[in-house]
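Chemist: Here is how the chains run, residue by residue.
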Amino acid sequence: MPESKTDSVRLTIDGIPVTVPKGTLVIEAARRVGVMIPHFCYHPKLKPDANCRMCLVEVEKMPKLQTSCSTVATEGMAVRTATTVVNDAHKSVLEFILANHPLDCPVCDQGGRCDLQDFSHQYTATASRFVETKRIFQKEYFSPLIETQMNRCVQCLRCVRYCDEVMDVKALAPAGRGTMTEIKTFGTHELDCEFCGGCVQICPVGAITSRLSMYEYRPWMLKRADTVCQFCGDGCQITVQTKDNELIEVNSEYGAGRNSGDLCARGFFGFRATGHPDRLTKPLIRRNGALVETTWEEALEYTAQQIARIKNAHGAQAFGGLISGRCTNEELYLFQKFMRLAIGTNNLDSSARYGHMNGVQAMRRVQGTHRWTLSFEEIVQADVLLLVGTNVTETNPITGLKVKEAVKKRQARLFTIESIRPAIGTISNITNLVDQHVCALPTQFGGAVLALLKAVVESRLVDQRLQHESPDYVGAVTQALERLSWPELEAATGAARDTFVQMATGLAQGRRVVVLAGQELLRSAGGYGSCLLLLDLLLLTGKLTEPGCGFAPLAEENNDQGAVESGAVAELLPGGLDLANPEARARIARAWKADLPLAAGATLVEMIDRARSGLVKGMLIVGENPVGSLPTVVGAKEALQRLEFLVCQELFLTETASLAHVVLPAASSLEKAGTFTNQEGHVQAVRPAVDPIGESRPDWEILSALSVLLGTPLEYGDAKELLKEIRGVIPGYGLLGPAPIPPKVDRAAVERYLAGDYRRALAARYTLAGPADAAGGTTHLGLFQSLFHSGKLSTRSKGLLQIEAQAALRINPADAARLALADGDRVRLSNRRGEVTTTVKVLERVPEGSAWFPDHFGQDTAKLFECAIDPDTNVPAFRTASVSIAKIS
Amino acid sequence: MSAIEHMPTYEPVLLKNMSQPGYTGSLPDYEKTGGYRALRNILGKVAPADVTQLVIKSGLRGRGGAGFPTGVKWGFLPKDYQGPRYLCCNADESEPGTFKDRQLIERDPHQILEGIVLACYAIGAESAYIYIRGEFVLGAKILEQAIGDARAAGYIGKNILGTGVHADVWVHRGAGAYICGEETALLESLEGKRGLPRVKPPFPATHGLYNKPTVVNNVETLANLPHIINRGPEWFAAIGSPPKSTGTRIFCVSGHVKRPGNYEVPMGITFRELIYEHAGGMRGDKAIKAFIPGGASAPFLTPDHLDVKMDFESVAAAGSMLGSGGVTVMEEGTSMVWAALRLMEFFYHESCGKCSPCREGSSWLVQTMRRIVAKRGRAQDLETLSDLCKNIAGRTVCAFGDAEVSPIMSTLKHWRHEYLALIHEAEAAHLLRPEPAAKRH
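Taken in order, these protein sequences are the chains called S and H. The opening residue of the first sequence carries number 1 in the working numbering; numbering runs sequentially from there. The opening residue of the second sequence carries number 1 in the working numbering; numbering runs sequentially from there.
Rather than coming from a laboratory, the hints here were simulated on the basis of the structure. Each hint should be verified, as a subset may be incorrect.
[What the hints assert, rightly or not] Here are the simulated BS3-like cross-link-like pairs (lysine-lysine), alpha carbons at most 30 Å apart as the crow flies:
| # | chain 1 | residue 1 | chain 2 | residue 2 |
| --- | --- | --- | --- | --- |
| 1 | H | Lys200 | H | Lys212 |
| 2 | S | Lys408 | H | Lys79 |
| 3 | S | Lys409 | H | Lys193 |
| 4 | S | Lys134 | H | Lys375 |
| 5 | S | Lys184 | H | Lys413 |
| 6 | S | Lys637 | S | Lys243 |
| 7 | H | Lys212 | S | Lys408 |
| 8 | S | Lys64 | H | Lys413 |
| 9 | S | Lys134 | H | Lys413 |
| 10 | H | Lys258 | S | Lys22 |
| 11 | S | Lys408 | H | Lys200 |
| 12 | H | Lys212 | S | Lys134 |
| 13 | H | Lys193 | S | Lys47 |
| 14 | H | Lys375 | S | Lys64 |
| 15 | S | Lys22 | H | Lys375 |
| 16 | H | Lys193 | S | Lys408 |
[To be verified] Covered stretches of chain S, going by a simulated chain H footprint (3 or more residues, C-beta under 8 Å):
| # | stretch |
| --- | --- |
| 17 | 50 to 62 |
| 18 | 177 to 191 |
| 19 | 672 to 682 |
| 20 | 800 to 813 |
[Unchecked claim] Looking from chain S toward chain H, a few residues come up when the C-beta cut is under 7 Å (computed):
| # | residue |
| --- | --- |
| 21 | Ser92 |
| 22 | Val93 |
| 23 | Gln467 |
All figures in this text were calculated on a predicted structure; none of them were measured in a lab. Ideal Cβ positions, reconstructed from N, Cα and C, are used throughout, including at glycine.
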């Protein structure tokens with residue numbers, strides 16, 4: 001922000017002059033000149049509450065001492081923070097706070113990093129004058145993951161305020177009055193919330209602590225490693241604390257990383273997933289039908305031998321590779337280089353194919369980028385936000401916090417098209433904060449966007465310049481929309497025309513308009529078309545090229561974006577270059593000093609199909625689990641069983657790995673160095689916190705070793721050397737700053753789109769999707785991402801399992817009442833494709849007629865789903881099905 | 001009030017109607033005495049800004065405790081603000097020794113309602129909330145009834161008396177916390193939150209109820225408005241102790257007097273006159289030992305202060321405050337340490353717990369006081385007490401901190417010897433028996 005004279009004020013802190021932006025609090029102004037005013041209740045993320053009274057200072061011309069956390073700096077102000085009066089005040093407040101404090105520092109997990117300890121030390125506390133009876137709270141069980149010790153509480157309410165202001169969860173409240181004030185949940189139940197760990201992190205003393213490592217350490221024994229979370233595309237910076245190579249805790253400092261210190265349950269409590277006893281510690285090889293332990297030498301040699309054999313006998317096209325978006329950029333990059341050079345095929349794909357590619361390809365086509373043109377800052381600063389199919393709280397919780405900040409702190413208008421009902425619940429619900437909300441089925445998100453586009457056109461909200469410069473485009477879109485009638489749009493989306501008109505008007509009026517598209521849209525049938533529609537919406541309202549505006553598809557896996565940018569998808573080379581483009585191919589060939597395979601590669605499901613038909617005879621699968629992820633109808637298991645050779649690099653013996661001929665134990669991201677690229681396109685360092693478990697090795701090392709054995713050595717000393725090569729090949733990877741530098745919309749691409757490219761399959765995407773899957777039953781079943789899990793990896797996390805241990809079908813209370821179901825009852829889900837049984841959980845935010853099944857536990861439900869392949873992006877869509885539900889008595 | 005020969009008689013203003021025989025406080029009764037005349041004469045006829053000017057001119061000051069000039073407070077609302085504004089009538093009368101608002105509510109509710117509508121008109125509020133103390137069940141019922149009647153008669157609601165002015169009034173009952181009488185805690189409670197005082201600034205005038213410009217006025221303050229309108233600000237400004245303490249006040253006399261009760265008198269009479277003439281003097285004609293001049297939050301005064309004039313400035317000069325108008329009188333023989341403990345128990349019970357000095361200090365103070373009264377005090381306790389009091393006063397979020405220390409500070413100042421006597425007794429006893437093991441955790 002520019003600091004012109006009118007925007008800033010000058011003041012002095014203990015005689016030191018300082019200039020700060022208008023509105024800065026005295027406590028922050030003091031921090032700027034290195035004066036730390038003691039405080040408990042103040043936190044930069046929270047509204048000042050001035051309840052601890054610790055930060056009192058003298059301000060010239062003010063008769064009483066002022067709390068520096070709530071006093072705004074004004075021009076000419078003279079603040080004194082260390083006079084006798086102020087010191088006495090600080091001492092006296094400390095004396096009050098210590099009066100009832102138990103002084104159980106030797107057994108307190110906060111001891112050694114406690115604000116109260118530090119200030120007591122600073123103010124040379126001696127014997128207390130307090131000789132009365134100390135207040136005692138009876139110990140109460142709080143929750144499986146979070147422990148409270150209310151006798152230590154200083155009642156600063158940071159936890160309560162964080163839970164409300166930042167998280168919008170409101171799980172905590174002060175109960176009781178005066179000295180008997182204690183932090184509790186509402187009601188008499190144990191804590192049931194988002195388990196973001198925010199209260200643990202923000203507590204200045206040891207009143208709220210994590211139970212995962214309770215009493216196992218003293219803070220000064222911990223060794224820290226700053227790295228990046230392995231769970232979702234938000235790319236949060238985490239600090240992993242270890243003791244003797246054991247994971248003790250994860251936290252994130254205020255202001256650190258893209259998450260600014262905020263975490264979700266997965267980040268805060270999910271860290272022990274990779275330390276699960278089931279981790280593979282030795283290479284496995286199939287002998288007499290069973291996988292048995294072997295040595296690295298034998299496993300690698302056998303693998304290289306088999307690959308060479310298949311290549312020689314059937315050609316390079318008989319081999320395919322899959323890699324997980326949880327791998328580092330270095331590994332993804334080396335994987336595709338390995339596939340393209342060492343094996344010689346473009347038959348390679350990554351988990352970005354499950355949905356992220358829909359967003360990427362839409363961006364490439366309309367705006368000429370394979371990344372967001374925004375960063376989280378633009379989300380926070382947006383004045384209008386449109387969320388489509390994000391379920392953002394559960395899928396990308398930290399992106400959700402940015403949205404909440406924009407709405408709650410900066411009064412942005414929020415529009416949502418989500419398959420969620422606004423309802424108060426144990427976790428936050430983004431649709432509670434909306435201006436306008438359309439509660440549509442995932443199959444009709446596209447329909448809702450069409451209705452929104454129709455409202456834009458009919459309300460004459462189309463950008464004047466666009467109308468003038470691209471009349472053909474506007475005309476074609478208008479014409480396509482005219483074919484849709486309001487009654488059918490209203491019937492499909494369940495929302496009234498007026499809602500769409502309100503949303504359209506808001507979007508057109510917005511100055512900083514940000515559109516977020518989430519998994520439920522990206523992974524649904526027609527996801528690619530819907531992304532194009534959203535980009536059309538930004539184009540038509542004249543927002544696409546405006547600063548602060550843009551389209552942001554959210555990534556589910558932590559490095560889906562990195563997979564795309566590293567070229568770990570069949571159709572793209574590193575840097576998002578088009579494999580089909582001879583110039584691009586030549587560029588990469590020059591960099592690699594080798595020729596690239598020409599034939600277009602098979603993508604995820606194509607490879608499975610080719611394996612079934614015998615065209616693909618060998619596969620290398622790195623951390624990916626198609627058998628566990630794809631619906632039964634795809635037949636991944638049968639197809640992979642037909643392979644002559646399957647090698648997997650894995651952490652655990654997954655459904656896929658258990659079919660392999662060789663399984664190579666891989667190191668997890670907590671055990672290796674590298675980089676992740678988050679969904680913003682921000683490249684961040686991954687650092688090892690513990691040693692690789694057992695004999696496991698980083699995936700890049702395994703690939704490198706195999707390449708040598710195959711006679712195409714791709715050798716690197718360490719991950720950094722790989723990154724160095726990547727920097728030469730992929731522009732933008734040389735800049736590892738604290739914040740991403742998003743690319744600008746490529747105007748040439750936009751012009752190409754407007755000049756005629758938009759016509760490609762226009763009619764198809766401007767058509768309402770037909771009635772959902774007709775496999776039987778009236779309930780709309782959807783696979784959903786739970787806040788407490790990520791893929792299947794998190795189901796190995798003891799912490800997260802304590803919150804959500806098994807799959808439960810979420811249903812609406814009205815449906816539950818109709819079927820006489822209560823929490824924990826067993827039901828049978830059935831359709832033409834099969835039937836499964838599960839238990840139910842009644843949840844108000846599930847729309848009536850819908851049922852959500854978490855996509856993390858086993859694959860029983862996989863048989864109920866159909867799989868539709870997107871003709872443009874080859875993304876398999878299998879997240880929705882129609883079923884009937886019956887109670888099992 | 002019954003007429004008593006030797007007593008100076010003043011014309012009551014606020015208590016006048018209800019002292020008429022047969023006056024029930026119903027709408028017809030109120031109308032018969034000229035009720036709602038001010039409303040008819042003002043709404044749509046006098047500009048709202050001029051009503052504020054009129055109130056400024058009358059010199060009316062808040063009757064809740066702080067004594068802030070009412071019209072000036074109204075003037076703090078942002079002039080050009082588009083959007084709702086609110087009026088809150090503070091009827092959370094909970095100050096120990098104060099019981100005037102209750103009588104006004106129960107006996108003459110329409111007088112308050114007329115004042116509320118006039119204030120709404122002046123500040124441009126279309127909604128007013130009466131935040132009434134939870135225990136005032138009868139008062140709340142009476143107000144509800146009166147609001148219903150006034151609404152039916154067109155004095156409250158939409159388009160009042162056809163003037164196009166809207167002002168609706170709702171009653172909200174508190175849930176039993178003294179702190180909700182503090183205006184920002186009142187607003188929090190009204191919003192459905194935990195009743196804790198807010199950090200100021202910003203003040204309610206700009207960021208009040210639901211973050212909108214808001215005025216909070218006491219019941220008695222609002223009840224004065226119809227009279228000021230009807231009889232003119234000059235009339236009001238001439239009563240009492242002009243220029244700074246104008247009008248009458250209802251003083252609530254309690255304690256060791258012959259006739260405890262509410263007395264409406266012009267400001268500026270002496271405590272001696274109030275206690276000895278209106279309240280009939282001391283019970284059993286004993287000597288007076290102490291009195292609290294303005295509710296439990298006001299420091300105790302001594303017989304030396306009997307001739308202090310009962311206006312804002314004079315009481316402040318004597319080292320106390322006129323506060324809520326609750327005058328509690330104590331006779332010779334009262335233990336002042338015990339009296340201070342009794343009030344400290346109240347403040348300990350009512351400390352909301354928001355800020356450290358008050359939350360921790362109140363429990364510390366009350367425990368030390370209990371020990372002293374129980375003859376388990378120690379010589380160093382007095383220094384600790386006065387240190388704690390000093391460390392609480394002026395350092396809390398709201399004025400509660402200043403209030404809770406006033407009984408101890410003032411009794412320590414005037415009756416220190418009583419504390420010392422208890423401590424000496426304790427020390428003497430201590431020589432005879434070992435100190436019981438202190439409960440320490």
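Chemist: Hint by hint, note whether the structure agrees.
Modeler: Verification of the supplied hints:
| no. | hint | in the structure |
| --- | --- | --- |
| 1 | H:Lys200 x H:Lys212 | 15 Å, holds |
| 2 | S:Lys408 x H:Lys79 | 27 Å, holds |
| 3 | S:Lys409 x H:Lys193 | 19 Å, holds |
| 4 | S:Lys134 x H:Lys375 | 20 Å, holds |
| 5 | S:Lys184 x H:Lys413 | 42 Å, violated |
| 6 | S:Lys637 x S:Lys243 | 41 Å, violated |
| 7 | H:Lys212 x S:Lys408 | 17 Å, holds |
| 8 | S:Lys64 x H:Lys413 | 23 Å, holds |
| 9 | S:Lys134 x H:Lys413 | 29 Å, holds |
| 10 | H:Lys258 x S:Lys22 | 61 Å, violated |
| 11 | S:Lys408 x H:Lys200 | 21 Å, holds |
| 12 | H:Lys212 x S:Lys134 | 42 Å, violated |
| 13 | H:Lys193 x S:Lys47 | 16 Å, holds |
| 14 | H:Lys375 x S:Lys64 | 36 Å, violated |
| 15 | S:Lys22 x H:Lys375 | 56 Å, violated |
| 16 | H:Lys193 x S:Lys408 | 18 Å, holds |
| 17 | 50 to 62 | holds (count 6) |
| 18 | 177 to 191 | holds (count 5) |
| 19 | 672 to 682 | violated (count 0) |
| 20 | 800 to 813 | violated (count 0) |
| 21 | Ser92 | 4 Å, holds |
| 22 | Val93 | 6 Å, holds |
| 23 | Gln467 | 34 Å, violated |
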